[in-house]
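**Q** Protein chains in written order, with my numbering: chain A, 362 to 520; chain B, 3 to 152; chain C, 1341 to 1709.
Misleading hints may appear alongside valid ones.
Think about it this way: if two alpha-carbon atoms lie no more than 30 Å apart in a straight line, the pair counts; the simulated DSSO-like pairs of lysine-lysine are [unchecked claim]:
| # | chain 1 | residue 1 | chain 2 | residue 2 |
| --- | --- | --- | --- | --- |
| 1 | B | K75 | C | K1422 |
| 2 | C | K1663 | A | K455 |
| 3 | B | K58 | C | K1633 |
| 4 | A | K408 | A | K457 |
| 5 | B | K88 | B | K145 |
| 6 | C | K1636 | B | K75 |
| 7 | A | K457 | C | K1636 |
| 8 | C | K1636 | B | K85 |
| 9 | C | K1663 | B | K7 |
| 10 | B | K50 | C | K1628 |
| 11 | C | K1422 | A | K457 |
| 12 | A | K380 | A | K414 |
| 13 | C | K1571 | A | K414 |
| 14 | B | K50 | C | K1569 |
| 15 | B | K117 | B | K88 |
| 16 | C | K1633 | A | K511 |
I should point out that these hints are in silico values taken from the structure, not numbers from a laboratory. This one's a predicted model, so the numbers in the text were calculated from it and none came from an experiment.
Chain residues, written in single-letter form:
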Amino acid sequence: MKKENLKNMNDIGAAEALKKHFPSAVESAELVNHEAVVYVRKDDIKKVLAYLKEKVGFEYLFSITGVDYPDRTPRFDIVYHLKTLEHPLQLTIKVKVEEGTDVDSVYDIFKSANWCEREAYDMVGVPFKGHPNMTRLFMWEGFEGYPLRKDFPLYTEDK
Amino acid sequence: MEGDKKLSLFEKIFFIEIIKGHLLTLKYMFGKNVTVMYPDEKRAPVPKSRGIHTFKLESDGTERCNACGLCAKFCPSNCITIKGEKVDGKRIVTQYDIDITRCIFCGMCVDACPKDAIAMVEEYEISVYNKDEMNLDQQGMHKYSSRVPS
Amino acid sequence: MPRKMTINMGPQHPSTHGVLRVILELEGENVVGSDMEVGLLHRGIEKLAESMTYQQIVTLTDRLDYVTSMTNNITYVMAVEKLLGIEIPPRGEYIRTLIAEMQRVVNHMMFVGIYAMDLGAITPVFQTFRDREIILDLFEMISGARLTYSFFRVGGMREEIPQEFFDKTKDFNDKLLGMIAEYETLLTRNRIFRARNIGVGVVSKEYAINCGLTGPVLRASGVPYDLRKAKPYLMYDKMDFEIAVGDNGDCYDRYLVRIKELKESQKIIAQCLEQMPSGASNCEDYKKYKIPKPFKVPAGEVYFSTECPKGELGFYIISDGTKSPYRIKINSPSYINTAALSGMIEGALIADVVATIASLDIVLGELDK
Ligand code: SF4
Ligand code: SF4
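Please work from the sequences and hints to get the whole structure.
**A** Given below as structure tokens:
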């Protein structure tokens, strides 16, 4: 997977090239309605993202999302969205995280991960290891529960 | 970028850009006023403005609404309460409340109604002194009915 | 060794554009460290959306960035349309392009006015608000509201647009360059304005990309990235316009980029009006997506983003095949730009902090979601 080849690639081509380069770290690479979704093993996420940034040119990380699937183990998906600014390419990188475990922070690679990781922690409760300030972003300190988990109630009775 | 170049000495000494700016403001001192002095003067809202809700009535003065409840189901902020009952084989509303404090005036209830029974009129001054009055009941829904074509 | 002092700017501060709280650590008048607290306007839009049908969520997107509701609506409905695989007829696309650009004009006018006001100039805000009002009136004419339009629907729009709207838009558009020239007379070469701007809040290209900055802030730092060109959506590939790019990445460049974008928008609006085709503007089976019947969306996921006036607004929607989304993530430009603020104001004076925040053009409703 090289920077020069990106020009003639589409999203899924880039995802498959990534899988070829990291046969063990990348679990799957497939197209889900127009999006190239790559599942990466949790322990390798930092390595893969660093490679994508430095060697391939996916230098723009703009969103980190936590998604909760209560019936599945591992329970959470952390979704990274990356793109290149030179070509119209975009990758959706996902890691599966079990409740109670943490993911490596990518803050030292992408500064934009700062708030994005805090938000993901705030909303679904997946902590990021190595983040300098792993506190809640939107909810106040001392708030209990994680609002975007599926078992968090939408309405509560007024007291 | 253009516009980025330094002020020339001529501009610097004679305050050219400042004078130009002042001339522009001076020009408007003699122009027509554009500010509408609300509440003494009122700007006419466009006819379609989404203001307060009202019932549309049949030509004989009865409500069109048959309490089907679709508007309540579709309201994004869940602020409509409807009760209806069957009288002479026809469903009529017995209770129709809109909690105006929660309404976001999105107009989805109007779009949702299959009978075209409610409308929104351009009345926007709906503030009151008492929070309890911020509830539009069935009676209140008749207030502007004459304004909408049946 | 001067004593350090910590002061609290906001959340109730006129120039933090809402309820942003910036905690500044000062040495004399220089900022040596800063921290931010956000979330004071958090309404849980993402959580709420999970309980609503796809049509109802349009009303929530209005309330993200309440200055540019139209582009929020467009982005959201286009994301859902991409998931559903709906095609919109050309007239519909042209109308969306036209309205998106008008919304950009509104936003940038408001930016110029408020920005000047934050720096202490009171006149421009009257000029820009007077002109912005014309477009608000036009939008009111088609949608019935002045800020929270909820005008676009999945598959089309709320109602047909009358011809009068296009005529009035044309009148407005013909005068637009004159209006921009007025703002420029008041600001661009004004020495006080320049002194407060040039070299203030400099963002380097690397920092901008690394922080994921977006919109005019990114472009002012010399990165020619605009989604309208990079990944053309709607009718932008048929339009003739340029991307505004700055060189220095300071506040002044961010202002110039927006002025240039105003002019480019004027061009796009003129082209849209000229090329506006006739025919249907809603998709073929629009009845299927119309209120009051909720529709189901096939399972899958989509990320769709457009170039909103403030930057890239993206919706990441995961659907599980029901009437409401399983998860919606809103990737908003104000959020990502504000996150980088701490690095921009390092070493600056307090007064420059105000200028920097204002030059980012943030809306807290969008930041806090
Ligand atoms: S306007 Fe919107 S919020 Fe208000 S009652 Fe109708 S549907 Fe509900
Ligand atoms: S107003 Fe319309 S939608 Fe609402 S209950 Fe009456 S008939 Fe049904």
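**Q** Next, verify each hint and record whether it holds.
**A** Against the structure, the hints:
As the CA atoms of K75/B and K1422/C are separated by approximately 26 Å, the hinted pair is consistent with the 30 Å bound. A C-alpha spacing of about 25 Å is found between K1663/C and K455/A, which places the hinted pair at or below 30 Å, so the restraint holds. For the suggested pair K58/B and K1633/C, the alpha carbons sit about 22 Å apart, so the restraint of at most 30 Å is met. The straight-line distance between the Cα atoms of K408/A and K457/A is roughly 16 Å, inside the 30 Å bound, and the hint therefore holds.
The suggested pairing of K88/B with K145/B holds, with an alpha-carbon distance near 25 Å, which does not exceed 30 Å. Only pairs whose Cα atoms come within 30 Å are accepted, and K1636/C paired with K75/B is accepted, the gap being roughly 17 Å. Of the pairs offered as hints, the one joining K457/A and K1636/C holds, with about 27 Å between alpha carbons and a cut-off of 30 Å not exceeded. Restraint check for K1636/C and K85/B: satisfied, since their Cα atoms lie roughly 28 Å apart, inside the 30 Å limit.
A hinted pair counts as satisfied when its Cα atoms are at most 30 Å apart, and K1663/C with K7/B does not qualify at roughly 56 Å. Pair hint K50/B plus K1628/C holds up; C-alpha atoms about 25 Å apart against a cutoff of 30 Å. Proximity of K1422/C to K457/A is assessed by CA-CA distance (about 26 Å); at most 30 Å being required, the pair is judged to hold. For a cut-off of 30 Å, the pair hint linking K380/A to K414/A stands: about 16 Å separates their Cα positions.
Pair hint K1571/C plus K414/A holds up; C-alpha atoms about 20 Å apart against a cutoff of 30 Å. Using a Cα cut-off of 30 Å, the hinted pair K50/B and K1569/C is violated, with the two alpha carbons roughly 36 Å apart. Distance check on the hinted pair: K117/B and K88/B sit about 17 Å apart at the alpha-carbon level, within 30 Å; holds. This hinted pair checks out: K1633/C and K511/A have alpha carbons roughly 25 Å apart, not beyond 30 Å.
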